[in-house]
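> The primary structure of each chain is shown beneath.
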Amino acid sequence: MISGRGGAGARGRIRPPRRIVRSQAAGEGADFDACWNMIKEALYDIHNKSCGRLSFEELYRAAYKIVLKKKGEVLYERVKEFEEQWFAEHAIPKIEVLVTKSLINMSVDASSSASVSERRQTGENFLKGLRDTWEDHNMSMNMTADILMYLDRGYTQQEPRRVPIFATTIALFRDHILRSCLNANSDRSIGDILISVMLDQIDMERRGDVIDRNLIRSNTRMLSCLYETEDESENNKLYVTTFEPRFLANSEVFYARECERLLRESDASTWLRHTETRLREETDRCGTTIELETLPKVTKVVEEKLILGHLNDFLAMEGSGLRWMIDNDKIHDLSILYRLIARVDDEKTALRDILQKRVVELGLEIENVLKNTDFSTVQGDGEDGGEGEKGKTLNPAAQQTAAAIKWVDDVLRLKDKFDYMLQECFQGDLVLQAALTKSFAEFINLFNRSSEYVSLFIDDNLKRGIRGKTEAEVDAIVEKSIVLIRYLQDKDLFQTYYQRHLGRRLLHGKSESHDVEKQIISRMKQELGQQFTTKFEGMFRDLVTSAELTSTYRDHVRKLDPEDHTIDLNVNVLTTNYWPSEVMGRSAQSGDSSKAGCTWPAEVKKLQASFEQFYLTNRNGRKLTWIGTTGSADIKCVFPAIEGKSGPLARERRYDLNVPTYGMVVLSLFNDLKDGESLSFEDIQAKTSLSTADLTRALMAIAVAPKSRVLAKDPPTKNVKPGDRFSFNASFQSKTIRIKAPIINAVSKAENKEERKATEDKNNQTRSYIIDAAIVRIMKARKEVSHSQLISEVLSVLAGRFKPDVPMIKRRIEDLIVREYLERPDEEGAPSMYRYLA
Amino acid sequence: MDDLAPPSKYVTLVSGDGFEFVVLREAAMVSPIIKGMLDPRSQFVEAQHARCVFQEMSGTVLDKVVEYFHYWYRYKDSEDVPDMDIPVELCLELLAAADYLGLDQ
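Going line by line, the protein sequences match chains A and B.
1 is the number of the first residue of the first sequence in UniProt numbering; add one for each residue after it.
1 is the number of the first residue of the second sequence in UniProt numbering; add one for each residue after it.
You can trust all of the hints, since none of them are fake.
Straight-line distance between alpha carbons at most 35 Å, and here's what the computed DSBU-like set of lysine-lysine pairs gives:
hint: 1; chain 1: B; residue 1: K76; chain 2: A; residue 2: K65
hint: 2; chain 1: B; residue 1: K9; chain 2: A; residue 2: K40
hint: 3; chain 1: A; residue 1: K65; chain 2: B; residue 2: K9
hint: 4; chain 1: B; residue 1: K35; chain 2: A; residue 2: K80
hint: 5; chain 1: B; residue 1: K35; chain 2: A; residue 2: K128
hint: 6; chain 1: A; residue 1: K40; chain 2: B; residue 2: K35
hint: 7; chain 1: B; residue 1: K9; chain 2: A; residue 2: K49
hint: 8; chain 1: A; residue 1: K525; chain 2: A; residue 2: K535
hint: 9; chain 1: A; residue 1: K94; chain 2: B; residue 2: K35
hint: 10; chain 1: B; residue 1: K35; chain 2: A; residue 2: K49
hint: 11; chain 1: A; residue 1: K237; chain 2: B; residue 2: K35
hint: 12; chain 1: B; residue 1: K35; chain 2: A; residue 2: K69
hint: 13; chain 1: B; residue 1: K35; chain 2: A; residue 2: K65
hint: 14; chain 1: B; residue 1: K35; chain 2: A; residue 2: K70
I should point out that these hints are in silico values taken from the structure, not numbers from a laboratory.
A quick note: this is a predicted structure, and the numbers were derived from the prediction, not measured.
Kindly produce the complete structure, drawing on both the sequences and the hints.
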């Protein structure tokens, strides 16, 4: 438009004084006629586009004078009359020619016999004609309104019933063209036909034809410039009232049909790409072909019809649906899917549900694969190995450990996969992140050995995994471990396992890096609280104090007797509560009282007494128990030269032998033995009073392990059994001077069934104490509480540590009632109440 | 007639008694009337030559009007605008001119 219309209303204006105009003699009437004639001539020129010789100022002045003479109304009417007449004579006929029969037929039935190109041609002609007429009219009316500006200022604004002259004249187009039919054979208005033609063209474009976008744009612009009524409010634009609703309805039908077709003929991937293309097209269309204000509405139509219409059907498609995308890492597809779903659903319910289900499925699959793999590997071992009994007894344990690590690795890989997906495809969406976390926790906790496996995984990494890795890589492993721990529900069970594994690592010096150990523990502390890690920290503290203790003791001994350095003692003083009970020799179930430990050789006994004396001088009232299971001893062995042999055997050989503490105890028995004599298993056991299990392990290390076989066994099998006989292996030789006998039980292996049951029982035992404590604490605070409330409070108090099952809580309540901590009040109507007894 | 040529930066305003004032186009555009006259799309004589003749305005009045245009243009975005000096004897004629030029909006 050329300039703004209307503007400030008729606020208190100062009327200009009546000017003394020239040609007074001619009189007012004559003056009006002269002015009007000038304007009329100008109007012709404007319509004929030949106003180059006209002076705007003169015309404006003419209108100005007329208005000043209070002839504004006459001028208004005259101009209106003139324009109506001109319009009837020049504009309407141009359009009438275009409204042909074929056009009308076409707009009634888009699928009429006419071919597409024919239809497009007819439609374009019609649109072009309409556009040209409109542009002429619009241009002329703007110019007219410009020169009549003073009419609006001086007359129209004072008349409440009058609208600006521009609104009146421009509306002629609406009244005389759009709202009339201009063809005797049809009762459809031009506006109606116009919209049908435009929609037909848009449909052609949607089907892939090329159309003249600017042409359609010009026509929507026209509809935007015209209003239903003269008051010209935004909601009354013809574009909004006539075109837009039909466009949206048409789009709805089109996309609903398209969605059906895609569902029938294509797969989900095509659907995704197609939908995205369509959305882009519509955005594009609103920018170039129709008005931008329609964009949110038409987008909504596409979303509803094309995305939501058959969303679940597409997601469930075999071989291309969401499941398939997840399994085949279709990053691009998933990104599109996320973008589409995010448009229509903030919760992304459809995506979330399937995602969660798939995570759990894949998680359980890991477990299943594990079971199968495990089985086959063991079988495979049996086939190609067949190396006697040892292979069979040891391998399953090692397999278990391998299985644990495989499980954790698989879980982590799965997690990486979904994390990557979350970042790459789902833009780190919080809803989906929470859903994924929940699903991971779900399947991890469905697997009843997860606590143990996670701990084994950390154990393996700290023992071997982090060797030669950079700090960043180690950090990543630590982070992964923490993530897994966070998922675990039974944190107390994990605590037990971790304590056990950590204890073994520390005592056997298997830990690769104490820094990393501490790093993990401090991360656990952050995540799970102080209480969770006190024991672990205590273990580290014990080791530090023990190192100090050892060195002060060494000084002490040296002071006492500088000559005596027969045995160098290295002690770890462990605080009972911090260390796992297995290490502390408190495993009560072993029948042959392992607590009694063993009968130490005399030299060792002397040493022990000396240390105890030293230790207790400063620390009164403490009790030291000697535990031989986890220590080791360095002993010097001399093997005699054997006559008649050549090579190394002909010389005397000295070796430094590192054996388990009990191995040392056993070996010391052979010091007193004459050549060629042997001891039976029972003899050794009687002399050392070691438990069968401990003794077996010790003998395995020094009589079976190939590199440290300093005792000869009869029969020479790979297993130690009661009844076997042992003798000094005089012909032992080794390439190295220092030999380390393997510590048989140092490998943190997965538990077998019985062990796990024992752990669980023990854990349940601990849990019942914790539940007792929780119940008593709650009852002490509340005095009286209903059953359901008590249960829910207990559950919430303990949620951070483990998830107790309700029957267990019930049992604990019963137990507390029996022990008279609680009672059931007998009052009627309150059958499920508990009262605290102080 | 050529739409492509950018409109000149200055326009000429001519009084009834022949005084010519060369004014910054942007400043003169404050009057919707002058804006309409000079709109390059409405090929009136004024638009073609960037020259508006005001037959019934004296040089004295137009001088003051032009002064106002530049006054407005200079201070349109500022605060604490100084008053513009209007000679009393011109008041009436200036009011009429302002109404004619649509300067009340």
